[in-house]
Structure formats: structure tokens, C-alpha cells
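Produce the complete structure using the sequences and hints provided.
Each chain, written out:
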Amino acid sequence: MGHDTAEWVFVGIVIAILFYVGVDSWIVQKEVEEVPADAEIVKVYGQQWFWSFEHADGTKEVNTLHLKQGHAYKFEIYGKDVMHSFNIPDYVVFEDVVPGHVNHAWFSPDQTGTFPIQCREYCGLLHYNMRGELVVEADKT
Amino acid sequence: MKKIIAVSIIALMAIALVPQLHFAFAQESKTGAKQYINLRAEVWNEFFRMTTAAFTVGAVVSGTMIWLVWRFRESHPKNKTPTRWEGMDDPTTGSYGEGH
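Chains S and V supply the protein sequences, listed in that same order. 489 is the number of the first residue of the first sequence in the working numbering; add one for each residue after it. 141 is the number of the first residue of the second sequence in the working numbering; add one for each residue after it.
Just so you know, not all the hints are guaranteed correct.
With a Cα cut of at most 27 Å, we get these calculated DSSO-like pairs of lysine-lysine [unchecked claim]:
{"#": "1", "chain 1": "S", "residue 1": "K556", "chain 2": "S", "residue 2": "K628"}
{"#": "2", "chain 1": "S", "residue 1": "K628", "chain 2": "V", "residue 2": "K174"}
{"#": "3", "chain 1": "S", "residue 1": "K531", "chain 2": "V", "residue 2": "K142"}
{"#": "4", "chain 1": "V", "residue 1": "K174", "chain 2": "S", "residue 2": "K518"}
{"#": "5", "chain 1": "V", "residue 1": "K174", "chain 2": "S", "residue 2": "K556"}
{"#": "6", "chain 1": "S", "residue 1": "K518", "chain 2": "S", "residue 2": "K556"}
{"#": "7", "chain 1": "V", "residue 1": "K143", "chain 2": "V", "residue 2": "K218"}
{"#": "8", "chain 1": "S", "residue 1": "K568", "chain 2": "S", "residue 2": "K531"}
{"#": "9", "chain 1": "S", "residue 1": "K562", "chain 2": "V", "residue 2": "K174"}
{"#": "10", "chain 1": "S", "residue 1": "K562", "chain 2": "S", "residue 2": "K518"}
{"#": "11", "chain 1": "S", "residue 1": "K548", "chain 2": "S", "residue 2": "K531"}
{"#": "12", "chain 1": "S", "residue 1": "K556", "chain 2": "S", "residue 2": "K531"}
These are computed hints drawn from the structure, not numbers from a lab.
Dropping the structure here:
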């Protein structure tokens, strides 16, 4: 072993692993952020201290969101007053709600049931109670 | 040694990248029921892969340092005979003082 072997191991392997980390993260991020073309748009409005939703057909809901299993949904997320954060923990949907800016997130529910929706950015006195409910129903069509 | 390390690094990169090829073809399937990626699975899989990478980097860095300390300690048998750089009056000039 030469005197520089340790440096080669140290630098070479670490660079190789960090290269892998960069490429892998980039690929996964690209994959995760690619919204399917047939995703149905659902508008999400966050305000102190409740959620409201508007489906593509104009149907509106407050605090309870009904979606169908196996369909893709793209959320357009609007803020009406202060910063909030739209979060469905069970489906790793997690996006800031920023007044004056439209944020996006998408997901496709693969299980039926009821899942919590919550605000994940402190937004005032009743932040703790800014909760909603996602109801995923079986697609009967 | 350098050749072995270079080949190891290239092999490591190849092993890391080949499994990613499935992403390139994942969305091309047009048959059967509509399938969407499972965000939960993708995100957690990525988390575990990154954790593995982080621990591997930690192991390489700390392992190299442990080896350096062990190998270049004064009491190591290979360090019994001073190298030709040791015992210099002024190592920056490379000149030996009297008695060397």
C-alpha cells in the first residue's frame, strides 16, 4: 500500500457514494413530481382555521374531501390569509399554503377509508384544530 | 492499488445506477389498469437508500481515520525504522543536519 492509498479510499469512495446520492435523489424527485396527465384538479383553500375544497365539476366541500380510489388528483393549493401547510400524512401529501401563490401537489389514493388532513404550519390560535378528513371511496364505475 | 480502487468506484456507480433503469420504462406501460406510482413507497424507499448511503460514508470516513491512527502510531512495527523524511533539522528544505 502506498502512502496515498488512504486518501484515495477516503476521497474516491465518498465521491462515488455522493454521486449516487445525487443521481438517485434527482431521479426519484423527478418521478415523484411528475403529475399524471389525467389527474383531476382539486382546488384546496386554506384559511383560519379550516379547509375548503372545490372539485373540477364545481362541487364544493368544507373540511371533508371525498375522492375515489385509484384515480390521480392534482391539488391546486391556495392560501386566503396566513401561511398554512396542507398535509395528508397517510399519503405523504405535504405542501405549504402561501397567500398570493398557488402551490401544487398530487397523489393517487390506493386504499379506501378515512384519513386525516391537517395543517402543519402554525397559523394562529386554533391551528391545532385545523383538521379535515379525506374519505376515499371505491370507484364503482 | 489505484487501478483496483478506480475499478471498485466504477463498479459501485454501475451497481447504483443500473437499478434506476426501471424508472425510464416505468411510465411506458400502456396495458392493463391505470397504475400510478405509490408516493409513500417511493419516498420511504428513497429514505432507506439515503440512510444506507449516509451510514456507508460514515463507515468509510471513520474507518479510514481509525486505520490511519492505527497504522501510523509510533509503536507500529513498520514505524521502527524512521523514514528518510524523519530526523531532518528542517523538513521544508529537505536538508539533513549533521549526524544523519
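Evaluation of the provided hints:
1. Between the alpha carbons of S/K556 and S/K628 the distance comes to roughly 9 Å, so the proposed pair stays at or under 27 Å and holds.
2. About 15 Å separates the Cα atoms of S/K628 and V/K174, which keeps this hinted pair within 27 Å; it holds.
3. Between S/K531 and V/K142 the CA atoms are separated by roughly 57 Å; this puts the pair beyond 27 Å, and the hint is violated.
4. Between V/K174 and S/K518 the alpha-carbon distance is near 20 Å, which keeps this suggested pair within the 27 Å criterion.
5. Of the pairs offered as hints, the one joining V/K174 and S/K556 holds, with about 13 Å between alpha carbons and a cut-off of 27 Å not exceeded.
6. The straight-line distance between the Cα atoms of S/K518 and S/K556 is roughly 25 Å, inside the 27 Å bound, and the hint therefore holds.
7. Between the alpha carbons of V/K143 and V/K218 the distance comes to roughly 25 Å, so the proposed pair stays at or under 27 Å and holds.
8. At roughly 13 Å between alpha-carbon atoms, S/K568 and S/K531 fall within 27 Å of each other, so this suggested pair holds.
9. A threshold of 27 Å between alpha carbons decides the hint, and for S/K562 with V/K174 the separation of about 16 Å falls inside it, so the pair holds.
10. Taking the CA atoms of S/K562 and S/K518, the gap is about 16 Å. The hint holds against a cut of 27 Å.
11. Distance restraint check for S/K548 and S/K531: the Cα-Cα separation of roughly 9 Å lies within the 27 Å cut-off, and the hinted pair is therefore satisfied.
12. The hinted pair formed by S/K556 and S/K531 meets the criterion: a straight-line CA distance of about 16 Å does not exceed 27 Å.
Taken one by one, the earlier hints fail for this structure only at number 3.
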